[in-house]
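Asker: From first to last, the protein sequence lines stand for chains A and B.
Going by the working numbering, the first sequence opens with residue 28, and the numbers climb by one from there.
Going by the working numbering, the second sequence opens with residue 63, and the numbers climb by one from there.
Accuracy of the hints is not assured; some may be wrong.
[Unchecked claim] Listed below are the simulated BS3-like cross-link pairs for lysine-lysine, each with C-alpha atoms no more than 30 Å apart in a straight line:
1. 154(B) <-> 546(A)
2. 446(A) <-> 536(A)
3. 384(A) <-> 154(A)
4. 446(A) <-> 268(B)
5. 276(B) <-> 501(A)
6. 268(B) <-> 513(A)
7. 362(B) <-> 87(A)
8. 105(A) <-> 55(A)
9. 315(A) <-> 294(A)
10. 546(A) <-> 320(A)
11. 268(B) <-> 498(A)
12. 268(B) <-> 546(A)
13. 362(B) <-> 89(A)
14. 422(B) <-> 276(B)
15. 276(B) <-> 534(A)
16. 302(B) <-> 338(B)
17. 511(A) <-> 268(B)
18. 143(B) <-> 546(A)
19. 437(B) <-> 239(B)
20. 268(B) <-> 383(B)
21. 506(A) <-> 455(A)
22. 148(B) <-> 546(A)
23. 511(A) <-> 362(B)
24. 362(B) <-> 513(A)
25. 455(A) <-> 422(B)
26. 383(B) <-> 338(B)
27. 362(B) <-> 501(A)
28. 143(B) <-> 58(A)
Simulated from the structure, these hints should not be mistaken for lab results.
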Amino acid sequence: MKSIVGVWLAYAFLLLSCTFSDRDFQIKGVKANPTLALPLAFGDLSIMDLIKKSDSAQIKVKSDGLVYLSYDQALLSKDIRNLVNIPNVGNTITQLPVPPGTYPANPNDVVSTSISNPIDLGISPEKLNEIGFKSGTLTYNAVLSPANPNFKYAVRIAIPEFISSNGSSFLQEVSGSGSISLVGYTFKSAVANKFTLQLTLIIKQNTTPVTIPAGTNLNTTISFAGIDFNYIEGFFGNQIANPPAQIIDIGAFGTSFENGATVSFAKPVFNINVVSDYGVPLAVSFSKLEARKHDGTSIQVQTNPASPIAITAPTTLGTSATTPVTVTNVAQLVNFAPDQFYYQVSGHINAGFASGKNFMADTSQMRVKLHIEIPMYGQASNIVLADTMDIDLGDVDQTTIDSASLKVFVTNQLPLDAKMQFILTDAKYHFIDSLLTSSQTKIVVGSTVDSNGELQSPGVVDTSYPLVNDKISKIFKAKKLIVKSKLQTSRNSSGSPVDVQFKSQYKIKLNLGLRVTFKLSDNL
Amino acid sequence: MKNRILLFLAIICLKWSQLSAQSEGTLTFMNSLPQVVVNNPAFIPKYKISIGLPGSSIMGYYANNAFSYNDMVSHVNDSVKADLSKLNGALKPKNYITQALQVDLLRLGIRINSKLYVTLNSTAKAYSREMVPKDLVQVFVNGNTTSIGTTETLSPKAESFSLIETALGGAYKVNSKLTVGVRIKYINGLTNVTTESSTLNLTTDKSTYALTAKAGMDVRTSGINNFTQSNYDLGSNIGKYFSNYGLAMDIGATYKIFDRLTVGASLIDLGSIRWKNNTYGYTLDPAKASYTFQGVDLSKVLNGDNSYLSSLGDSLQNRFKVKEGSINSYNTPLPGKMYLTGMYEFPKNFTVGGVFYAEKFRERLSASLTLGVNKHFGKVFSAAASYSMVSNTYNNFGFGMSLNLSPIQLYIVGDNLLGASMVKDVNSFVSQTKFFNVRLGLNFVIGFDKKDKSVAKEKGSQNKQGDSYQPDEGDIIKGKKYENYSPKKVRKKY
Numbered sequence: 028m029k030s031i032v033g034v035w036l037a038y039a040f041l042l043l044s045c046t047f048s049d050r051d052f053q054i055k056g057v058k059a060n061p062t063l064a065l066p067l068a069f070g071d072l073s074i075m076d077l078i079k080k081s082d083s084a085q086i087k088v089k090s091d092g093l094v095y096l097s098y099d100q101a102l103l104s105k106d107i108r109n110l111v112n113i114p115n116v117g118n119t120i121t122q123l124p125v126p127p128g129t130y131p132a133n134p135n136d137v138v139s140t141s142i143s144n145p146i147d148l149g150i151s152p153e154k155l156n157e158i159g160f161k162s163g164t165l166t167y168n169a170v171l172s173p174a175n176p177n178f179k180y181a182v183r184i185a186i187p188e189f190i191s192s193n194g195s196s197f198l199q200e201v202s203g204s205g206s207i208s209l210v211g212y213t214f215k216s217a218v219a220n221k222f223t224l225q226l227t228l229i230i231k232q233n234t235t236p237v238t239i240p241a242g243t244n245l246n247t248t249i250s251f252a253g254i255d256f257n258y259i260e261g262f263f264g265n266q267i268a269n270p271p272a273q274i275i276d277i278g279a280f281g282t283s284f285e286n287g288a289t290v291s292f293a294k295p296v297f298n299i300n301v302v303s304d305y306g307v308p309l310a311v312s313f314s315k316l317e318a319r320k321h322d323g324t325s326i327q328v329q330t331n332p333a334s335p336i337a338i339t340a341p342t343t344l345g346t347s348a349t350t351p352v353t354v355t356n357v358a359q360l361v362n363f364a365p366d367q368f369y370y371q372v373s374g375h376i377n378a379g380f381a382s383g384k385n386f387m388a389d390t391s392q393m394r395v396k397l398h399i400e401i402p403m404y405g406q407a408s409n410i411v412l413a414d415t416m417d418i419d420l421g422d423v424d425q426t427t428i429d430s431a432s433l434k435v436f437v438t439n440q441l442p443l444d445a446k447m448q449f450i451l452t453d454a455k456y457h458f459i460d461s462l463l464t465s466s467q468t469k470i471v472v473g474s475t476v477d478s479n480g481e482l483q484s485p486g487v488v489d490t491s492y493p494l495v496n497d498k499i500s501k502i503f504k505a506k507k508l509i510v511k512s513k514l515q516t517s518r519n520s521s522g523s524p525v526d527v528q529f530k531s532q533y534k535i536k537l538n539l540g541l542r543v544t545f546k547l548s549d550n551l
Numbered sequence: 063m064k065n066r067i068l069l070f071l072a073i074i075c076l077k078w079s080q081l082s083a084q085s086e087g088t089l090t091f092m093n094s095l096p097q098v099v100v101n102n103p104a105f106i107p108k109y110k111i112s113i114g115l116p117g118s119s120i121m122g123y124y125a126n127n128a129f130s131y132n133d134m135v136s137h138v139n140d141s142v143k144a145d146l147s148k149l150n151g152a153l154k155p156k157n158y159i160t161q162a163l164q165v166d167l168l169r170l171g172i173r174i175n176s177k178l179y180v181t182l183n184s185t186a187k188a189y190s191r192e193m194v195p196k197d198l199v200q201v202f203v204n205g206n207t208t209s210i211g212t213t214e215t216l217s218p219k220a221e222s223f224s225l226i227e228t229a230l231g232g233a234y235k236v237n238s239k240l241t242v243g244v245r246i247k248y249i250n251g252l253t254n255v256t257t258e259s260s261t262l263n264l265t266t267d268k269s270t271y272a273l274t275a276k277a278g279m280d281v282r283t284s285g286i287n288n289f290t291q292s293n294y295d296l297g298s299n300i301g302k303y304f305s306n307y308g309l310a311m312d313i314g315a316t317y318k319i320f321d322r323l324t325v326g327a328s329l330i331d332l333g334s335i336r337w338k339n340n341t342y343g344y345t346l347d348p349a350k351a352s353y354t355f356q357g358v359d360l361s362k363v364l365n366g367d368n369s370y371l372s373s374l375g376d377s378l379q380n381r382f383k384v385k386e387g388s389i390n391s392y393n394t395p396l397p398g399k400m401y402l403t404g405m406y407e408f409p410k411n412f413t414v415g416g417v418f419y420a421e422k423f424r425e426r427l428s429a430s431l432t433l434g435v436n437k438h439f440g441k442v443f444s445a446a447a448s449y450s451m452v453s454n455t456y457n458n459f460g461f462g463m464s465l466n467l468s469p470i471q472l473y474i475v476g477d478n479l480l481g482a483s484m485v486k487d488v489n490s491f492v493s494q495t496k497f498f499n500v501r502l503g504l505n506f507v508i509g510f511d512k513k514d515k516s517v518a519k520e521k522g523s524q525n526k527q528g529d530s531y532q533p534d535e536g537d538i539i540k541g542k543k544y545e546n547y548s549p550k551k552v553r554k555k556y
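From just these sequences and the hints, can you work out the full model?
Answerer: What follows is the structure, encoded as structure tokens:
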């Protein structure tokens with residue numbers, strides 16, 4: 028029994044003699060060095076994603092997938108039509124003498140005196156033999172002098188050259204004052220611009236006799252105003268129209284082609300077509316026709332035939348005639364990578380003619396149509412793309428980053444090499460540093476192409492670029508990050524540039540990742 | 063044959079090197095305690111009558127199959143710092159941390175006659191097991207670069223329940239060799255957290271670093287969400303906590319292979335609980351919760367889609383938003399356990415043996431092996447010592463002892479107690495321990511079954527009834543023997 032008690036006591040003693048200190052369980056700090064691999068960005072991009080969006084409407088794809096930029100613009104000029112104006116014809120005052128005497132009551136109207144006046148429309152230098160009136164008003168006023176309220180009269184107005192749609196000439200009997208629309212009438216005259224105004228006194232039926240003293244006149248005033256035409260025929264004169272200048276902006280490439288970029292597009296297209304609705308000899312002169320850059324440089328567009336260009340006229344009213352103009356220096360123009368095309372034309376009608384039979388409608392116009400196609404087919408180098416984004420890592424403890432590397436995985440079907448650089452600047456774009464060393468910038472390798480410039484095999488880059496610690500620390504000071512890419516089209520095996528095609532189905536599959544090792548340590 | 067044995071042993075070793083379990087190996091040797099029946103309902107304790115009162119016995123348990131406190135920290139300049147790299151190195155692919163607590167509310171054991179021993183007990187139990195995958199820790203410690211190109215399994219899992227178990231059991235001696243036992247348990251579940259399914263897989267693409275996350279979750283709880291509600295009055299709702307019913311069963315048997323060698327087998331906690339009270343679930347649809355983040359989509363940025371980044375955030379939030387709400391009642395199994403025992407009794411009430419333990423719970427099989435000895439020093443003092451391989455540890459020296467001052471019995475038993483007892487510095491023990499259990503308390507016991515087989519053998523006498531479990535009358539008692547493992551002897555009544 029004693030021994031048993033002794034065992035228990037010994038055990039109790041052992042337990043009681045144990046020491047415990049909570050110091051071993053007071054954790055004062057923690058440290059870890061996790062390395063995280065994180066995706067930064069990805070994209071499955073075609074050339075259409077890379078072309079500046081301002082010209083997205085102009086991006087088109089040919090049936091074989093070749094991407095091209097298509098620009099169309101037409102100078103719609105009605106300036107020649109606007110050369111022709113039909114002026115108002117002022118008051119033509121005619122005194123129709125009323126024979127004196129006493130007029131018995133008469134049961135029927137009686138035709139009395141008549142006067143004819145030749146009227147000139149006052150159009151110059153046009154000599155028009157035919158005018159379809161779209162608008163116009165004849166205004167009249169007939170007053171008996173001296174007045175005699177018992178005398179019943181009217182004035183018959185006749186213009187033989189104004190033919191209505193049913194073929195009858197203008198004939199109206201009026202009294203007092205008023206106006207008559209000329210719409211629907213056509214002026215047709217063998218003598219250009221002139222017609223005859225015939226006024227006749229009509230003594231209206233009267234139930235009572237009336238006495239007219241001598242010297243009584245019916246004073247008639249006629250005027251024409253607001254005359255415009257549906258069409259005209261005749262000789263339009265030797266005139267020049269000067270429409271305003273036109274501009275086609277080429278925005279697809281932005282500023283990419285500046286700063287020493289060289290580009291060469293294969294098979295560009297530059298068409299000019301002049302379409303004329305005017306039945307008149309027309310010569311178009313390009314007083315300005317040039318490709319321009321924002322930096323002020325320009326290249327003249329060379330045409331065949333050279334300016335002035337005789338424009339074919341339509342043979343009948345209501346039809347058009349097209350005169351194609353060939354641009355002879357297309358490649359030079361497109362490779363110049365212009366920011367815009369600028370042109371100013373003038374239209375010279377009846378140059379060297381003193382007479383002729385011309386026609387035009389009021390809707391007639393001259394259209395100078397420019398069509399430009401820039402296929403994504405060719406070669407280029409030193410193309411610079413840049414984009415700026417704000418960064419602010421000021422709140423991040425930079426000491427927690429031990430090392431970092433940029434993971435690049437690119438499968439590129441585009442025949443385009445790219446050197447990329449990430450430039451750190453302060454808020455005022457003052458340079459701080461560039462993130463990659465010069466040996467690390469070749470991030471995108473272009474595909475190889477066959478002799479037609481079509482995809483042969485994609486360029487693949489699967490590499491990690493360690494970032495220099497000193498550069499990493501500067502990320503935290505930067506406020507702006509400029510992503511700058513310098514592009515060039517793929518070269519052949521000997522390193523020479525070749526014409527390459529950018530097709531819509533070619534993609535650049537790009538994945539950027541970041542591998543960061545943190546240095547985490549915290550004292551609790 | 064030899065090779066097969068070696069292969070079998072290798073598999074067994076591998077199995078328990080991977081896993082830990084809620085085993086109590088040393089308790090199996092302590093047949094002086096009425097609690098021995100916990101491991102096998104066919105065991106018959108030494109005392110004819112035993113009574114445990116509310117709170118008189120408790121059991122605490124902790125197991126971690128991977129790391130100890132020492133594996134988490136380093137001592138630097140006289141201070142302690144968390145050492146996550148060290149922790150990561152110690153982790154297993156799946157790290158199970160298990161805690162359990164049991165408190166006897168009532169325990170009654172009565173030997174009805176020479177063949178039948180019945181028990182009635184009510185025990186409050188709490189159990190929780192958390193599984194933390196190594197990948198999850200590794201992501202925080204090492205980041206995701208160590209597993210680029212592979213899939214990391216990040217989803218932790220939790221199982222937890224508290225319950226009150228009321229059990230009626232009996233052990234019946236079928237004959238001189240075979241004893242069978244069964245225990246029927248009526249269970250009142252109190253609270254539960256169960257992870258029906260949980261996945262969170264993260265794959266980092268080798269070439270692009272694209273992160274693909276796939277998640278799914280079906281976590282169910284009972285009796286817990288109430289406590290997140292303000293003004294919840296537990297007092298007026300306590301009755302609802304007894305509405306979760308369950309049934310379970312323990313079965314076991316012992317068999318005397320020959321005179322001194324007895325083997326036993328038992329299956330414990332075969333059953334389930336139906337949870338009805340305050341059932342609340344958290345789900346994540348795996349068909350929806352899947353996303354690959356490749357970074358910023360340059361094509362969208364180049365196309366001027368300014369709302370892209372914010373919509374990306376919204377999309378992620380919608381995909382991985384956990385849906386929560388009340389759910390229907392559900393069943394959960396109990397951690398099923400199996401004990402295989404083998405005991406050889408030497409003269410003078412000295413027994414040696416081994417206990418193989420396995421637990422199956424939520425698709426996890428865990429195992430342990432305990433080798434131990436037991437000695438009854440008269441009827442007053444019993445002691446056991448053991449060595450266990452459990453929870454990936456091989457330094458678990460346990461012991462148990464009971465001071466039998468009938469009608470009072472004081473006891474303590476645990477599988478890693480000897481280690482705790484022998485160190486002078488508790489810190490080092492706590493710091494190194496991955497596995498620890500202790501059961502201690504007080505029983506009221508009457509009627510010690512004392513017999514020394516060796517004496518009986520010396521006398522060459524036969525038990526009157528051929529029953530090995532009763533001492534011969536008039537024998538000189540020099541020690542105790544293990545009830546179920548004693549050789550067949552002529553029975554003698556006291």
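Asker: A separate judgement is required for each hint: does it hold in the structure or not?
Answerer: Hints, one by one, checked against the model:
no. : hint              : result
1   : 154(B) <-> 546(A) : 25 Å, holds
2   : 446(A) <-> 536(A) : 16 Å, holds
3   : 384(A) <-> 154(A) : 9 Å, holds
4   : 446(A) <-> 268(B) : 24 Å, holds
5   : 276(B) <-> 501(A) : 36 Å, violated
6   : 268(B) <-> 513(A) : 28 Å, holds
7   : 362(B) <-> 87(A)  : 20 Å, holds
8   : 105(A) <-> 55(A)  : 88 Å, violated
9   : 315(A) <-> 294(A) : 25 Å, holds
10  : 546(A) <-> 320(A) : 52 Å, violated
11  : 268(B) <-> 498(A) : 26 Å, holds
12  : 268(B) <-> 546(A) : 23 Å, holds
13  : 362(B) <-> 89(A)  : 24 Å, holds
14  : 422(B) <-> 276(B) : 28 Å, holds
15  : 276(B) <-> 534(A) : 29 Å, holds
16  : 302(B) <-> 338(B) : 9 Å, holds
17  : 511(A) <-> 268(B) : 27 Å, holds
18  : 143(B) <-> 546(A) : 15 Å, holds
19  : 437(B) <-> 239(B) : 22 Å, holds
20  : 268(B) <-> 383(B) : 28 Å, holds
21  : 506(A) <-> 455(A) : 9 Å, holds
22  : 148(B) <-> 546(A) : 16 Å, holds
23  : 511(A) <-> 362(B) : 19 Å, holds
24  : 362(B) <-> 513(A) : 22 Å, holds
25  : 455(A) <-> 422(B) : 67 Å, violated
26  : 383(B) <-> 338(B) : 26 Å, holds
27  : 362(B) <-> 501(A) : 29 Å, holds
28  : 143(B) <-> 58(A)  : 8 Å, holds
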